[in-house]
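S.K.: As given, the protein sequences belong to chains H and W, one line each in that order.
Mapping the first sequence onto numbering that gives the first Met the number 0, position 32 (from 1) lands on 31, and the numbers just tick up by one.
Mapping the second sequence onto numbering that gives the first Met the number 0, position 70 (from 1) lands on 69, and the numbers just tick up by one.
Warning: the hint list may mix true and false statements.
[Unchecked claim] Taking lysine-lysine and the BS3-like style, the derived pairs with C-alpha atoms no more than 27 Å apart in a straight line are:
id, chain 1, residue 1, chain 2, residue 2
1, H, K374, H, K358
2, W, K215, W, K258
3, W, K17, H, K201
4, H, K374, H, K297
5, H, K247, H, K262
6, H, K271, H, K208
7, H, K374, H, K305
8, H, K305, H, K247
9, H, K330, H, K320
10, H, K330, H, K297
11, H, K164, H, K271
12, W, K16, H, K201
13, H, K320, H, K271
14, H, K208, W, K16
15, H, K208, W, K46
16, H, K247, H, K271
17, H, K208, W, K247
18, H, K330, H, K305
19, W, K46, H, K247
20, H, K201, W, K46
21, H, K164, H, K297
22, H, K358, H, K271
23, H, K320, H, K297
24, W, K17, H, K247
Since the hints were made in silico from the structure, they are not lab data.
So you can see what is in the structure, the chains are spelled out below.
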Amino acid sequence: MDPRKPGERLLLQGNEAIVYGALAAGCRFYAGYPITPASEIAELLSVKLPQVNGTFIQMEDEIASMGAIIGASLAGVKSMTATSGPGFSLMQENLGYACIAEVPCVVVNVMRGGPSTGLPTNVAQGDVLMARWGTHGDHPIIVLAVSSVSDCFSITVKAFNLSEKYRVPVILLSDEVVAHTRECITLPQTEQVRVVDRIAPKTPPEWYKPYATNNRGVPDMAIFGDGYHHHVTGLVHDEWGFPTQNPKEIEGFHNRLHDKITKGFPEIMMTKTFDMADADICVITYGCVSRAARMAVKNAREHGVKVGLVQLVTLFPFPRKAIDSALRQCKAAIVSELNMGQMSREVNRVNQYDCRVIKHSRYDGQMITPDEITKQILSCA
Amino acid sequence: MVVEAEVIRQNYLRHNKKFPHVWCPGCGNGIVLGSLLRAIHSLGYDKDDVVVASGIGCSSRMTTYIDFNTLHTTHGRALTFATGVKLAKPRLRVITVMGDGDATAIGGNHFIHAARRNINITAIIVNNSTYGMTGGQYSPTTPYGSRSTTSVYGHVEHDFSISELAITAGASFVARGTVYHAAHLDRMIEQAIVKRGFAVVEVISNCHVQHGRRNKLGGAIQMINTFRDQAVPVAKAKKMSAEEMEGKFTIGVLCDVEKPISTEEYARIRHESCQLPGELHDEDDQDY
Chain H
0 MDPRKPGERL
10 LLQGNEAIVY
20 GALAAGCRFY
30 AGYPITPASE
40 IAELLSVKLP
50 QVNGTFIQME
60 DEIASMGAII
70 GASLAGVKSM
80 TATSGPGFSL
90 MQENLGYACI
100 AEVPCVVVNV
110 MRGGPSTGLP
120 TNVAQGDVLM
130 ARWGTHGDHP
140 IIVLAVSSVS
150 DCFSITVKAF
160 NLSEKYRVPV
170 ILLSDEVVAH
180 TRECITLPQT
190 EQVRVVDRIA
200 PKTPPEWYKP
210 YATNNRGVPD
220 MAIFGDGYHH
230 HVTGLVHDEW
240 GFPTQNPKEI
250 EGFHNRLHDK
260 ITKGFPEIMM
270 TKTFDMADAD
280 ICVITYGCVS
290 RAARMAVKNA
300 REHGVKVGLV
310 QLVTLFPFPR
320 KAIDSALRQC
330 KAAIVSELNM
340 GQMSREVNRV
350 NQYDCRVIKH
360 SRYDGQMITP
370 DEITKQILSC
380 A
Chain W
0 MVVEAEVIRQ
10 NYLRHNKKFP
20 HVWCPGCGNG
30 IVLGSLLRAI
40 HSLGYDKDDV
50 VVASGIGCSS
60 RMTTYIDFNT
70 LHTTHGRALT
80 FATGVKLAKP
90 RLRVITVMGD
100 GDATAIGGNH
110 FIHAARRNIN
120 ITAIIVNNST
130 YGMTGGQYSP
140 TTPYGSRSTT
150 SVYGHVEHDF
160 SISELAITAG
170 ASFVARGTVY
180 HAAHLDRMIE
190 QAIVKRGFAV
200 VEVISNCHVQ
210 HGRRNKLGGA
220 IQMINTFRDQ
230 AVPVAKAKKM
240 SAEEMEGKFT
250 IGVLCDVEKP
260 ISTEEYARIR
270 HESCQLPGEL
280 HDEDDQDY
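With the hints as extra help, turn the sequences into a complete structure.
M.R.: Shown next, in the form of structure tokens:
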């Protein structure tokens, strides 16, 4: 992975840790376009990738960057791009292509204030629902969120692994605070990092069906140049990968595309809980806000309030099971986030109990402080 | 001739799976497809080593019918996907097929930057002066004054020359052919594929259904015959005055220069900086 000694303690910012995570996961191709606050990822990869026989290219825009990483992935190289809001908007078209053609790739979105140019140097979490629904049409996608520098390493590895296993683009949502916070982390030894690779077909080329259903729901993936000379298209296709307008095949295609993710729910839906055992109030957060929430929960506990924290690592598919059990257990759930309530709406959507879901938003470009969350907790107690 | 045509048909078409094609009778796309296959066949490439990427539009449907590693991408983006493929696996021969709107309107930015980068990719652009698939709207190469479904009062914008754009943007090789001059087109495509660096072949083609009909240019045969009358070989054009060239265009190799290829330069950097010699694949770098 990295030429630096594994096991060494490093002072890294979130963006740098994403780079080390990507390299550890086997990423050997990066295409991107400069944008604040994600540029450090590109800068560091431009240094590191040639050192591990990888390729870095700065493309003419984010549309091109997304296209290039799909091309590289189809040629068998694990690939990634990183951007922020405006660039993420441009990527949506080809992101849909990666979904329909089932091309593994990782897209990092270091969130900043939006909409449009918005607040380039300020933190926000306004791209959450866009990460899920940004590209047109029904499509499966995995969205993960990081909250610390150590997450930036480990969740990036996880993002690559899920992407390879399920042949789906994975969106890694970071934010300006996590991206630029410096923390000390220990990089794991290379052999400690669990790396998952796509499964290559074993059938001879003349029998190979690039999009055939199997028991995993994820078709074996041939790569260009390996003798399969198959067809890859953004049109809805049959098992051979050729365009189809047969209603039965179209429906079957959509079902398989979604079923492969449904089958993986237990593995894909990741959450972390803190102090939830006896909690009757919970705070639900993701990304940088989770850090403030940990502190707030600790402070509120000192006031004798039974409060816990549910931190979402996977945002989509929405970790319904974990949220459901928290909502059943608690009388109030505070959803703290740096937008006008995108995730609190999701939490409300699955709420079947008497639990009160409280939207706690901040969208002035500033970080939510522990005190603000403590105040919310105490007002519910 | 007949035997060779049959060999090409059997070897390079996905004849069992994907025919009939979507093209109208008389469309020039079939001629371009034939030229492309003859060029690849005469070069003797293994079809497993050839990647053909296309965008969206009538001509871009070509990738569905031909038996290589084929990549039918999004509108205008073929070159971006191709760039990723080429960089990730340099030994693959990467060819893109695009239309005029695909390559120079929605994909114009990618086109000029692929040329500027001088990456080792061949771009074939089928220029029929219209958006045929969507019903005949005006494209960047629709002539001034022409009628289209979005310029029924006559087109008020001016067209540009795809080849001149490619030359200015930095392509190593630029050639123009037409669907009338099929044998000539074979040679142009073959030269472009062999050329190291970004190579462009602009093919003047006919859309008699959408463009020809609305502009009283006749049917397929009449339109294709017009190309015969309008096309002037490069050498001959040099001796002609601007007045004599009015309403005509040049065909042949318009630009053929040697210049550093960015991917080759990058391979050098990689060789010098790679700290994991075990991971270096020299054979992969051969055709940067």
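S.K.: Take the hints in turn and mark each one as holding or not.
M.R.: Going through the hints against the structure:
no.	hint	in the structure
1	K374/H / K358/H	holds, 13 Å
2	K215/W / K258/W	violated, 44 Å
3	K17/W / K201/H	holds, 25 Å
4	K374/H / K297/H	holds, 13 Å
5	K247/H / K262/H	holds, 22 Å
6	K271/H / K208/H	violated, 39 Å
7	K374/H / K305/H	holds, 14 Å
8	K305/H / K247/H	violated, 53 Å
9	K330/H / K320/H	holds, 17 Å
10	K330/H / K297/H	holds, 19 Å
11	K164/H / K271/H	holds, 22 Å
12	K16/W / K201/H	holds, 22 Å
13	K320/H / K271/H	holds, 13 Å
14	K208/H / K16/W	holds, 12 Å
15	K208/H / K46/W	holds, 18 Å
16	K247/H / K271/H	violated, 41 Å
17	K208/H / K247/W	violated, 48 Å
18	K330/H / K305/H	holds, 11 Å
19	K46/W / K247/H	violated, 33 Å
20	K201/H / K46/W	holds, 20 Å
21	K164/H / K297/H	violated, 37 Å
22	K358/H / K271/H	holds, 20 Å
23	K320/H / K297/H	holds, 25 Å
24	K17/W / K247/H	holds, 18 Å
Figure legend: structure checked against the earlier numbered hints; hints not met, in rising order: 2, 6, 8, 16, 17, 19 and 21.
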